[in-house]
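Construct the entire structure; sequences and hints are all you get.
If you want the building blocks of each chain, they are given just below.
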Amino acid sequence: MLLIHCPYCGARPEIEFRGGGEAHVARAADPSQLTDDRWASFLFFRNNPKGLHAERWLHVHGCGRWFNAVRDTVSDRFQKTYKVGEKP
Amino acid sequence: MHPYRLSGGSCLDRSKPLHFTFNGEALSGYAGDTLASALLANGRVLLGRSFKYHRPRGVLSHGSEEPNALVTLRADGGRVDPNTRATMEPLRDGLVAQSQNHWPSLGFDVGAMADALAPIIPAGFYYKTFMWPASFWKKLYEPVIRAAAGLGRAPELPDPDRYQHRHAHCEVLIAGGGRAGLEAALVASASGKRVIVADENAQWGGRSLPQDVHDLLFQLQQKPNVTLLLRTTVFGIFGHNHVGMLQHIDGAPRQRLWQVRAGEIVSAAGAHERPLVFAGNDRPGVLLADSARQYALKYGVAPGRQVVVATCGDAAYGAARDLLKAGVKVTTLIDLRPDPHVGLVRDLQALGIDVLTGQTILGTKGRKRISAVRVSGKTIACDALAMHGGWTPAVHLYSQARGKLRFEESIDAFVPGSDVPGFRSTGAARGERLPRFAGMRRLPAQGFVDFQNDVTAKDIALALREGFESIEHVKRYTTTGMATDQGKTSNMSALGIVAHTLKRPVPQVGTTTFRMPYTPVTFGALIGAHRGPLFDVVRETPSHAWAGARGALFEDVGQWKRALAFPQAGEDLHAAVRRECRIVRQTGGLFDASTLGKIEVVGRDAREFLNRMYVNDFARLAPGRSRYALMLREDGYVYDDGIVACLAPERFHVTTTTGGAARVLAYMEDYLQTEWSDLQVYLTSITEQYAVIAVQGPKAELLVPEINNLGHMGVASGTFEGIPCRLFRVSFTGEVGCEINVPWGEGAALWEKLCERGAALGFTVYGTEAMHVLRAERGFIIVGQETDGTVTPHDLGLESMIGAGKRDFVGKRSLARPDLRATNRKQLVGLLTDDARRVLDEGAQLVADPREPIPMTALGHVTSSYDSANCGRSIAMALVAGGRARLGETVYATTPGGFAAAKIAALPFLHG
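Going down the list, the sequences are from chains A and B. Here this note's numbering is used: position 70 in the first sequence is 70, and no number is missing along the way. Take any residue in the second sequence, note its place counting from 1, add 1000, and you have its number in this note's numbering.
By construction, these hints were calculated from the structure, which means they are not laboratory data. Treat the numbers as computed from the prediction; the structure is a model and nothing was measured. Certain hints may be false.
Stated by the list, open to error - Now the in silico label distances, taken between C-beta atoms and shown as ranges:
{"no.": "1", "chain 1": "B", "residue 1": "His1530", "chain 2": "A", "residue 2": "Leu52", "range": "32 to 40 Å"}
{"no.": "2", "chain 1": "B", "residue 1": "Arg1504", "chain 2": "A", "residue 2": "Tyr8", "range": "52 to 60 Å"}
{"no.": "3", "chain 1": "A", "residue 1": "Gly10", "chain 2": "B", "residue 2": "Ile1527", "range": "24 to 32 Å"}
{"no.": "4", "chain 1": "A", "residue 1": "Cys9", "chain 2": "B", "residue 2": "Asp1808", "range": "50 to 58 Å"}
{"no.": "5", "chain 1": "A", "residue 1": "Cys9", "chain 2": "B", "residue 2": "His1165", "range": "16 to 24 Å"}
Said to hold, decoys possible - Some chain B residues near chain A, calculated using beta-carbon distances under 8 Å:
{"no.": "6", "residue": "Asp1013"}
{"no.": "7", "residue": "Thr1674"}
{"no.": "8", "residue": "Gly1784"}
{"no.": "9", "residue": "Gln1785"}
Unchecked claim - For lysine-lysine, the following DSS-like pairs were computed, each having C-alpha atoms within a straight-line distance of at most 27 Å:
{"no.": "10", "chain 1": "B", "residue 1": "Lys1368", "chain 2": "B", "residue 2": "Lys1378"}
{"no.": "11", "chain 1": "B", "residue 1": "Lys1404", "chain 2": "B", "residue 2": "Lys1368"}
{"no.": "12", "chain 1": "A", "residue 1": "Lys50", "chain 2": "A", "residue 2": "Lys80"}
{"no.": "13", "chain 1": "A", "residue 1": "Lys87", "chain 2": "A", "residue 2": "Lys50"}
{"no.": "14", "chain 1": "B", "residue 1": "Lys1404", "chain 2": "A", "residue 2": "Lys80"}
{"no.": "15", "chain 1": "A", "residue 1": "Lys50", "chain 2": "B", "residue 2": "Lys1404"}
Idealized CB from N, CA, C, for every residue including glycine.
This is the structure we're talking about:
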């Protein structure tokens, strides 16, 4: 079980969290302006890198806050975790 | 008293005799004995039958790597513990052990004819032979194979024992309490770090004698920051140094599962001694050389009265000397190497031991115990054979921690290679403190490689001939190193044969993956206290006790227990549902809807937020009004539905489906926190703050006159019967009615009061089944039943709910995608079967032509189907391709007995 540093609560076991997929995939301010292809890309396509990956986590059984993390998908080592709106 | 007992035995307390039985025979031993040492002391060598060939087997080792001596322990209260390693079980008074894998008795086993058939049941036999015809597999092969296969039998009664879970944190966790582990603990503890040392055995010291680690142990016992745990196996290393340990207590609790988060893990797991592979190497009386030494020195047990030692390394010379010193007669040492160190040989010869060098073991004799060993030119009588094939560092934990192994020529074994942060190995587990392997590789033609799985050298050769060259394929084809052995005794022998046959160096052959658990973990320990009523959380509604007392039938809805129906005397479920449905429409009914998800949405931007989350336009939703609302996912498919009620300009009471309560709140929070953090909105789950009683039916106003003050979809806050209340005039039955929200704690009393008054008016209480039927009669959907994550508002005929003037909402952009605007999408329609009494199966597929050859064209499926008392016939809802343009057409639904014709009908079935 991973040990995850919630930026609000500190280190907590993975069982308190829920993963939310790739981070920094912003919803367009006005989706109606996007082509079907661009919208489909937003909806369905995500990176799946071997190595460092910026991803979303929710401290669901804790403070209930979403935050972001950079994790190495090979070693599961977290490089850092940071609040929504902060730079990786 | 014990025919094979010697005078020594540093672990024994001879002042405490213990009595036990083995296969019903009364035997005795001493405190400090293991079950295996006590059996050997009593001259019991034949302890079980092997897995596949039912060959007689005895003790191979003295530790957790034991593949043969698996027994079933029985105790009072239905306690049955199969596949217990006799080598790991401390002897206790009254212990009852039985051997396994034989019928009718250990000495005479019918299944042993499998051994005679061994030449024709090699590796892969089951795969090749029992493939055809398919029907034979289920009826004939599988039952026969299953009856003969397997190790011990699973217990049949519930486990009466208790198991416990414990969590712990430490700076350093040390796996293994041999000399290396204890030394590491002493160093680590010096700076005040919290140190846990766990060892699977009942004594400290590993292969060292207790007196040799006494001082080390004494120092550690004085330190308050050191926790010493015996009979505790580190069985798994998980992410970020999360460690699983199983502690055997044999009291209350019987076992304890530890989960430890360790700053650093030190593996001091030692090394396993390798068997030699030769014909007849599995005969009872053949055991590992160092294990023979351990039995003699620690337990005062002679492995035999006339012992032969066989080796391909130096370590066995020391074992032979120690055995002799302990009073065991060692007659001969057979060294497979032609030129062992002269000094070693002379030392043994000086002690009167005959040393044969450059010899190959051609076979062994004896049925239930070895009687002789055959080498070139002579047969040597013996009743025990102690063998040594080198050492294999126990790299299991390192490998589980994702370390990459490296082959070390000097000890002929894999050792930890790459660095793993937060993990290190020490002592023999790292390949240190092991004698240089001066052994030789020779291809054995026969003999067992994996004792537990009955895999022979021949099987591995066969796998290679058939093209399974990858070591992982060899493992799967032959099963070598699988199951609880996890390669402990078998791994290097199998690798050696593969490398030799393929003429490849061992590192190129590689090794298989070591998986957790290191040794088996009981389900009881994993489950801990989470059994019976504690298996999962049970959520009860306010009417639960009342309903239970009246014989209601309950159903599980997630963790909730909901009343399904309230059968009266003589009624079955079906009759009860028909009655409840009829009375609701004729008079009225009461329904506990407390499980509905409820979220309070508050704040300056609450209205704007709801406008973005739901398809509806709430711009003009005034305080005191509510609306049925649909929520989509970003891909345009329906996610949830419910009521959005405006209590005040910046305060909304939103309901969700029962199953959606948690995920809808999480979904809203996600958008609020990550996309629209500029909005000032606060979300609060109030699901468990409000009990909800639905009063439905034409006479609802007699029970709740307050609804007359509200128009349809009106809401009011106030008091009801003196209780703070939020009253919603809404209906999921299509009848006049309301949902009364009161504080959860008031729900039960109000429910009883309303039921009493309702009964006087001829009302019924109704359960979830009637609720389902009543809403279907009116064509109302249930999210998750009519929808499956691929259904749009248009598919449901609910497109008019979409706020046409809204610039954006979640899912809006997707509704404009070509696929979601296609005309032939599956649409929600009604189905009326030609036979009005036939109730279709929910999920049944629909076709246009039942004579169409397979594969048939599926038009859609039945989503809901009921017998409707109010309609006087069966009704069904279905998703049908282009369905709304096919009203009146006949389709055919699959049934277990063929197709049933039904006509597509408009919804609803009943108009208000």
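Cross-check of the supplied hints:
1. B:His1530 x A:Leu52: 32 to 40 Å: holds (37 Å)
2. B:Arg1504 x A:Tyr8: 52 to 60 Å: holds (54 Å)
3. A:Gly10 x B:Ile1527: 24 to 32 Å: 30 Å Cβ-Cβ, so the 24 to 32 Å window holds.
4. A:Cys9 x B:Asp1808: 50 to 58 Å: violated (33 Å)
5. A:Cys9 x B:His1165: 16 to 24 Å: Once the Cβ atoms are compared, 23 Å apart, the range 16 to 24 Å for His1165 of chain B and Cys9 of chain A holds.
6. Asp1013: violated (41 Å)
7. Thr1674: Check passed: Cβ of Thr1674 of chain B comes within 5 Å of chain A, closer than 8 Å.
8. Gly1784: violated (20 Å)
9. Gln1785: Violated, about 25 Å.
10. B:Lys1368 x B:Lys1378: Distance of about 22 Å is within 27 Å: holds.
11. B:Lys1404 x B:Lys1368: violated (42 Å)
12. A:Lys50 x A:Lys80: holds (17 Å)
13. A:Lys87 x A:Lys50: holds (21 Å)
14. B:Lys1404 x A:Lys80: Given pair Lys1404 of chain B, Lys80 of chain A holds - Cα atoms ~26 Å apart, limit 27 Å.
15. A:Lys50 x B:Lys1404: holds (18 Å)
Checked against the numbered hints above, the structure violates hints 4, 6, 8, 9 and 11; every other hint is satisfied.
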